[in-house]
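Asker: Using the sequences and the hints given, assemble the complete structure.
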Amino acid sequence: MPLPRFHDFPARRELMAILVKRNLLIRYKGSALGVLWSLLTPLAMISIYAVFAGVLGLRRELLGLGGATFDYLPFLVTGVVVWQFTSGSLGDSLPVIVGNANLVKKVAFPRALLPASTVLANGVNFLLTLAILVVYLLCTGALRPAAFGWIFAGAALQLVLAFGIAFLVSTANVFFRDTEHIVSLALLAWFFLSPVMYETKLQTAALARFLPEKAMSLLYLNPATGILACYRRGLMGMDLVPPGIPPAALWLSALSAALLLAAGIWVLHAGERRFGDIL
Amino acid sequence: MNTLPAIEVDHVTKRFVLAAHARSLKTALLDTLRRKPQPTLTALDDISFAVARGETLGLIGANGAGKSTLLSIIAGTLTPTAGRVVTRGTLSSLLELGAGFHPDLTGRENVFLYGAIMGIPRETMARRYGEIVEFAGLEGFMDQPVRHYSSGMYVRLGFAVAVQVDPDILLIDEVLAVGDSDFQAKCLEKMAEFRRAGKSMLIISHDMNAIRRTSDRIAYLDHGRLKAIGDPMATAARYRAASEGGARKEWGSGEARLAKVRFVDEAGNDLVDPPRDEDGRYRAGSRLRVRIDYAAERPLPPSVVGFSIHASDGQMAFGSNTDVESHPLPAVHPGGSLLLEVDISTLHAGKYLMSFSLHSRDPVVNYHRLENHLAFQCGGKVFDGFVSLPCRFEDAGR
Numbered sequence: 001m002p003l004p005r006f007h008d009f010p011a012r013r014e015l016m017a018i019l020v021k022r023n024l025l026i027r028y029k030g031s032a033l034g035v036l037w038s039l040l041t042p043l044a045m046i047s048i049y050a051v052f053a054g055v056l057g058l059r060r061e062l063l064g065l066g067g068a069t070f071d072y073l074p075f076l077v078t079g080v081v082v083w084q085f086t087s088g089s090l091g092d093s094l095p096v097i098v099g100n101a102n103l104v105k106k107v108a109f110p111r112a113l114l115p116a117s118t119v120l121a122n123g124v125n126f127l128l129t130l131a132i133l134v135v136y137l138l139c140t141g142a143l144r145p146a147a148f149g150w151i152f153a154g155a156a157l158q159l160v161l162a163f164g165i166a167f168l169v170s171t172a173n174v175f176f177r178d179t180e181h182i183v184s185l186a187l188l189a190w191f192f193l194s195p196v197m198y199e200t201k202l203q204t205a206a207l208a209r210f211l212p213e214k215a216m217s218l219l220y221l222n223p224a225t226g227i228l229a230c231y232r233r234g235l236m237g238m239d240l241v242p243p244g245i246p247p248a249a250l251w252l253s254a255l256s257a258a259l260l261l262a263a264g265i266w267v268l269h270a271g272e273r274r275f276g277d278i279l
Numbered sequence: 280m281n282t283l284p285a286i287e288v289d290h291v292t293k294r295f296v297l298a299a300h301a302r303s304l305k306t307a308l309l310d311t312l313r314r315k316p317q318p319t320l321t322a323l324d325d326i327s328f329a330v331a332r333g334e335t336l337g338l339i340g341a342n343g344a345g346k347s348t349l350l351s352i353i354a355g356t357l358t359p360t361a362g363r364v365v366t367r368g369t370l371s372s373l374l375e376l377g378a379g380f381h382p383d384l385t386g387r388e389n390v391f392l393y394g395a396i397m398g399i400p401r402e403t404m405a406r407r408y409g410e411i412v413e414f415a416g417l418e419g420f421m422d423q424p425v426r427h428y429s430s431g432m433y434v435r436l437g438f439a440v441a442v443q444v445d446p447d448i449l450l451i452d453e454v455l456a457v458g459d460s461d462f463q464a465k466c467l468e469k470m471a472e473f474r475r476a477g478k479s480m481l482i483i484s485h486d487m488n489a490i491r492r493t494s495d496r497i498a499y500l501d502h503g504r505l506k507a508i509g510d511p512m513a514t515a516a517r518y519r520a521a522s523e524g525g526a527r528k529e530w531g532s533g534e535a536r537l538a539k540v541r542f543v544d545e546a547g548n549d550l551v552d553p554p555r556d557e558d559g560r561y562r563a564g565s566r567l568r569v570r571i572d573y574a575a576e577r578p579l580p581p582s583v584v585g586f587s588i589h590a591s592d593g594q595m596a597f598g599s600n601t602d603v604e605s606h607p608l609p610a611v612h613p614g615g616s617l618l619l620e621v622d623i624s625t626l627h628a629g630k631y632l633m634s635f636s637l638h639s640r641d642p643v644v645n646y647h648r649l650e651n652h653l654a655f656q657c658g659g660k661v662f663d664g665f666v667s668l669p670c671r672f673e674d675a676g677r
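First to last, the protein sequences are chains G and C.
The first sequence begins at 1 in our numbering and counts up one residue at a time.
The second sequence begins at 280 in our numbering and counts up one residue at a time.
I should point out that these hints are in silico values taken from the structure, not numbers from a laboratory.
Computed from a predicted model, the values in this text were never measured in an experiment.
Even for Gly, the Cβ is constructed at its ideal location relative to N, Cα and C.
Incorrect hints may appear among the rest.
Claimed, not checked - Over the 12 Å line for every Cβ pair with chain G, so calculated as not near, a few chain C residues: (1) 397; (2) 517; (3) 609.
Claimed, not checked - Straight-line Cα separation of at most 30 Å, DSSO-like style, residue types lysine-lysine; simulated pairs: (4) 528/C <-> 21/G; (5) 630/C <-> 105/G; (6) 528/C <-> 105/G; (7) 105/G <-> 305/C.
Answerer: In structure tokens, the structure reads:
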């Protein structure tokens with residue numbers, strides 16, 4: 001019997017639902033507060049950022065931009081919440097095939113379901129966090145949902161990206177033990193290369209000496225740049241792109257996310273034939 | 280449609296790249312650059328056969344003959360290097376009972392998880408749920424995490440779920456060796472029911488009597504080749520004849536090795552020849568002393584060293600291991616040495632072969648097995664039965 005592949009995906013919706021549920025159940029199984037952690041974690045995180053950013057007096061001026069025309073903290077918290085979905089999906093999906101070795105070795109089912117379910121489980125958690133974020137933004141008066149439709153664009157991009165990297169890293173981890181170390185370093189670098197803690201403007205300012213203005217759109221080849229822009233537009237009414245960059249640059253983020261997904265599908269598809277031999 | 284076989288295995292060959300464990304990126308790059316040829320092991324060599332609808336095929340052969348590899352390929356968890364496998368109908372495999380159960384989930388949650396993995400709609404599983412619980416005999420335990428189950432409970436639930444999936448084709452790998460005799464009887468009954476219902480089964484077993492009774496035909500695998508397929512009695516007899524040679528063999532996953540196993544004398548010096556006294560026999564009352572050196576390249580989970588003594592007719596006289604003898608093996612990494620002392624005063628007179636193995640405690644991975652590694656002759660007394668019990672007579676008056 002050949003291994004069921006991607007085209008079986010719709011038929012396996014039920015398994016997907018159960019795997020997602022299993023992911024969520026196991027995450028907090030045995031802890032006293034259970035599912036409450038899904039709410040407590042983001043709440044605590046936002047509080048920690050709020051306190052420390054307040055104590056340190058982190059402001060826009062500190063980041064070299066001058067002219068404090070907006071509140072930095074909601075900007076930062078939004079960025080971190082959105083980033084956590086990407087990094088969480090990446091971290092959870094990395095060991096998911098190796099960790100389910102006995103299942104993979106004994107039962108034939110579409111392997112893609114394993115990383116996909118960790119992404120969706122992270123998605124469910126992210127929705128809860130997002131709700132808390134909205135409440136927080138409302139309280140701080142930073143919520144400007146005039147163009148809230150962009151949230152959906154951000155979510156779509158984010159899912160495509162998360163599936164892509166989940167397929168890539170979970171497969172790579174089967175074949176190379178180093179994947180874990182490389183991924184954690186790459187994730188750290190990616191975090192600082194993405195406008196989570198700072199505005200894209202800061203990047204363009206820093207790069208102005210080396211790059212012609214026309215080339216600045218290339219910053220959006222980092223899908224995280226586009227994703228963060230969409231969410232901040234939808235939630236806080238911020239500009240999608242800094243001055244000088246055409247809004248069409250967002251398509252570059254969509255393009256690179258789609259390419260990553262295609263690469264992920266291809267790698268998983270090519271690799272899954274040998275999972276049984278290696279695990 | 281109904282005349283087509285349920286399982287067709289068509290010129291299937293499977294080669295494993297030895298040590299195809301996950302490599303570090305550095306090793307992988309270097310190997311590729313040096314074009315280092317990867318040593319391979321041919322686990323299955325051009326196997327072809329078919330299992331008809333409603334037929335039960337038994338699969339026999341020594342350990343390492345490729346039986347489980349073949350079953351995994353049919354189940355779809357391994358991909359053949361060459362050839363192809365066609366299966367017609369839904370398939371459920373009992374390759375390992377309870378595989379895929381998550382220890383933190385309850386029995387109930389695991390039942391539905393397994394159903395979903397096998398592609399059974401939730402409503403169907405819900406309908407069969409009561410029957411599963413009853414078959415497994417686990418009423419009252421279903422809302423407990425399966426980590427609290429005993430291994431027997433775990434296996435019972437695994438079997439109950441796997442058969443309730445109600446497949447057209449059932450693959451069974453030596454699972455009947457587990458569980459108590461009541462449960463084994465239940466399993467055999469269930470398998471008979473499957474046969475009556477016209478389902479196809481492929482069974483691996485080392486129990487020649489059981490497999491002869493349950494199979495319509497038997498296939499005999501030897502070192503990855505299909506040696507014979509056909510009449511159960513004839514094929515099983517052929518296997519038995521071939522396996523009684525008592526040839527020295529070794530196999531294992533290679534993560535740890537029994538580096539050197541030899542007889543030693545009282546002073547601990549290695550003996551080149553099997554120990555014997557003047558007339559070439561070990562006296563009753565003597566002790567065998569065996570020194571076992573083991574080594575592993577990297578740390579491994581708790582492991583066990585076991586040994587067995589087989590008479591020349593293949594009957595096992597005795598077997599035990601470090602766990603049974605309450606001498607837990609210290610870490611096998613990087614290596615160590617054990618001294619085994621066996622009192623063979625209760626053995627029949629005759630020729631014996633000793634086998635040794637180094638395996639993990641749970642789940643059992645055979646790191647290294649030395650089959651029929653050491654031979655010795657025993658000059659004990661001749662008696663009836665299979666065990667010599669210490670006994671004596673004395674006169675008690677006239």
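Asker: State for each hint whether it applies.
Answerer: Here's how the hints hold up against the structure:
Its beta-carbon lying about 7 Å from the closest one in chain G, residue 397/C breaks the requirement of being farther than 12 Å from that chain. With a closest Cβ-Cβ approach of about 30 Å to chain G, residue 517/C is found to remain outside the 12 Å limit, as its non-interface label requires. The Cβ of residue 609/C lies farther than 12 Å from every Cβ of chain G, with a closest approach of about 26 Å, so its non-interface assignment holds. Restraint check for residue 528/C and residue 21/G: not satisfied, since their Cα atoms lie roughly 48 Å apart, outside the 30 Å limit.
Simply put, residue 630/C and residue 105/G have alpha-carbon atoms about 41 Å apart, too far for the 30 Å limit, and the pair is violated. The hinted pair formed by residue 528/C and residue 105/G meets the criterion: a straight-line CA distance of about 27 Å does not exceed 30 Å. Using a Cα cut-off of 30 Å, the hinted pair residue 105/G and residue 305/C holds, with the two alpha carbons roughly 26 Å apart.
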